[in-house]
Amino acid sequence: MRKVDLNADMGESWGAWKMGHDAEMFEVITSANVACGFHGGDPLVMHETLRLAREKGVGVGAHPGYLDLWGFGRRRFEGDDPIEIEKLLIYQVGALQGMAKAVGVPVTHFKAHGALANLTAVDADMADATARAVLATDPDMIFVALPGTEQERAAARAGLRIAREAYADRAYAADGTLAPRKTPGAVLDDPETAARRAVRMATEGRVATIDGREIALEFDTICVHGDNLHAVEMARAVRGALTEAGVAIRPMAETAEQGAG
135 MRKVDLNADM GESWGAWKMG HDAEMFEVIT SANVACGFHG GDPLVMHETL
185 RLAREKGVGV GAHPGYLDLW GFGRRRFEGD DPIEIEKLLI YQVGALQGMA
235 KAVGVPVTHF KAHGALANLT AVDADMADAT ARAVLATDPD MIFVALPGTE
285 QERAAARAGL RIAREAYADR AYAADGTLAP RKTPGAVLDD PETAARRAVR
335 MATEGRVATI DGREIALEFD TICVHGDNLH AVEMARAVRG ALTEAGVAIR
385 PMAETAEQGA G
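Heads up: the sequence shown begins at 135 in this note's numbering, then just goes up one per residue.
Heads up, a few of these hints could be off.
[Stated by the list, open to error] In the DSS-like style, the derived pairs of lysine-lysine whose C-alpha atoms are separated by at most 27 Å in a straight line are:
1. Lys152 - Lys316
2. Lys235 - Lys190
3. Lys152 - Lys235
4. Lys235 - Lys221
5. Lys221 - Lys137
6. Lys221 - Lys190
[As the list claims (entries may be wrong)] Pair by pair, the computed Cβ-Cβ distance ranges are:
7. Ala270 - Asp176: 23 to 29 Å
8. Glu348 - Pro177: 41 to 47 Å
9. Glu326 - Ala270: 41 to 47 Å
10. Val256 - Tyr225: 20 to 26 Å
11. Gly205 - Arg287: 25 to 31 Å
12. Arg340 - Glu378: 18 to 24 Å
13. Arg210 - Ala308: 20 to 26 Å
14. Lys221 - Arg340: 35 to 41 Å
15. Thr327 - Lys152: 41 to 47 Å
16. Asp274 - Arg210: 18 to 24 Å
17. Thr327 - Arg185: 31 to 37 Å
The hints are simulated quantities; they were obtained by calculation from the structure and are not laboratory data.
Keep in mind the model is a prediction, meaning the values are calculated, not measured.
Here a beta-carbon is modelled for each residue, glycine too, at the ideal position from N, C-alpha and C.
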């Protein structure tokens, strides 16, 4: 039976500013990518998100990004240095690991956020920096990567266990990367459309690109963004459609590829 994990970015509120529908999403997903304080997530939000994950039996991953609360981590900064990026990620993962230890849940995967994730998909040096950060904090963590990108290649070079990720609510470019958010049609907001797309990706291994082409897409985990306007309905629709199509929804630990050691 085909098995996939269903993940979402969680814990992205900060102070009085609220983002997403975490409590409802925890009823649907099997893995949570928890913000580490730089693009979203403060200590109280992180603690509550981890508590909910423990209560619902949902896997926890670190979701670090640029130090950019104002822009929600979705703005690229010029002059990036791989060594600086590596340390920036170690800092954030360490913060989440400390909070998770206090709550009593393990941090079992890593997924870069926003503009940093987009950069590491195409820049080998930056992708290697993220892999080094994972090795430095916990080499047993699963590295979440866009398939066929520098992220996946860096994780493979580092011998990390990999979960290749697909997106139910984002449009793809012809090279397998995500279409820029400012591109018309780059973000899907119809739950039924996303659900049909997810089923085709899981059962046929193919997805239509934003320019009307089709590409092959192999993956182990599928993401529904928690900040999508219809995130809860979309996650429920995706999970229901996949289950109806005979796809088993399982935690990332059961779906990720083994590392090279």
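Hint check:
At most 27 Å may separate the alpha-carbon atoms for a hinted pair to count; Lys152 and Lys316 meet this at roughly 23 Å. Only pairs whose Cα atoms come within 27 Å are accepted, and Lys235 paired with Lys190 is accepted, the gap being roughly 17 Å. Between Lys152 and Lys235 the alpha-carbon distance is near 25 Å, which keeps this suggested pair within the 27 Å criterion. Among the hinted pairs, Lys235 with Lys221 is consistent with the structure: their alpha-carbon atoms are about 21 Å apart, no more than 27 Å.
For the hint pairing Lys221 with Lys137, the CA-to-CA distance comes to about 34 Å; that exceeds 27 Å, so the pair is violated. At roughly 32 Å between alpha-carbon atoms, Lys221 and Lys190 are farther apart than 27 Å, so this suggested pair is violated. Checked against the hint of 23 to 29 Å, the C-beta distance between Ala270 and Asp176 comes to roughly 24 Å, which is consistent with it. Evaluation of the 41 to 47 Å hint for Glu348 and Pro177 yields a pass: the beta carbon distance comes to about 45 Å.
In this structure the hint that Glu326 and Ala270 lie 41 to 47 Å apart at CB holds, the actual value being about 43 Å. Take Val256 and Tyr225: their Cβ atoms lie about 24 Å apart, and the range 20 to 26 Å holds. A hinted range of 25 to 31 Å for the beta carbons of Gly205 and Arg287 is consistent with their spacing of about 28 Å. The hint said 18 to 24 Å for the Cβ distance between Arg340 and Glu378, and at roughly 19 Å that hint holds.
Look at Arg210 against Ala308: about 21 Å separates their beta carbons, and that is inside 20 to 26 Å. One distance hint, 35 to 41 Å for the beta-carbon pair Lys221 and Arg340, holds here, with the actual separation near 39 Å. Between Thr327 and Lys152, the C-beta spacing of about 26 Å breaks the proposed range 41 to 47 Å. Between Asp274 and Arg210 the Cβ separation comes to about 30 Å, which falls outside the hinted range of 18 to 24 Å.
For Thr327 paired with Arg185, a C-beta distance near 33 Å keeps the hint of 31 to 37 Å intact.
Hint compliance for this structure: hints 5, 6, 15 and 16 are not met, and every other hint is.
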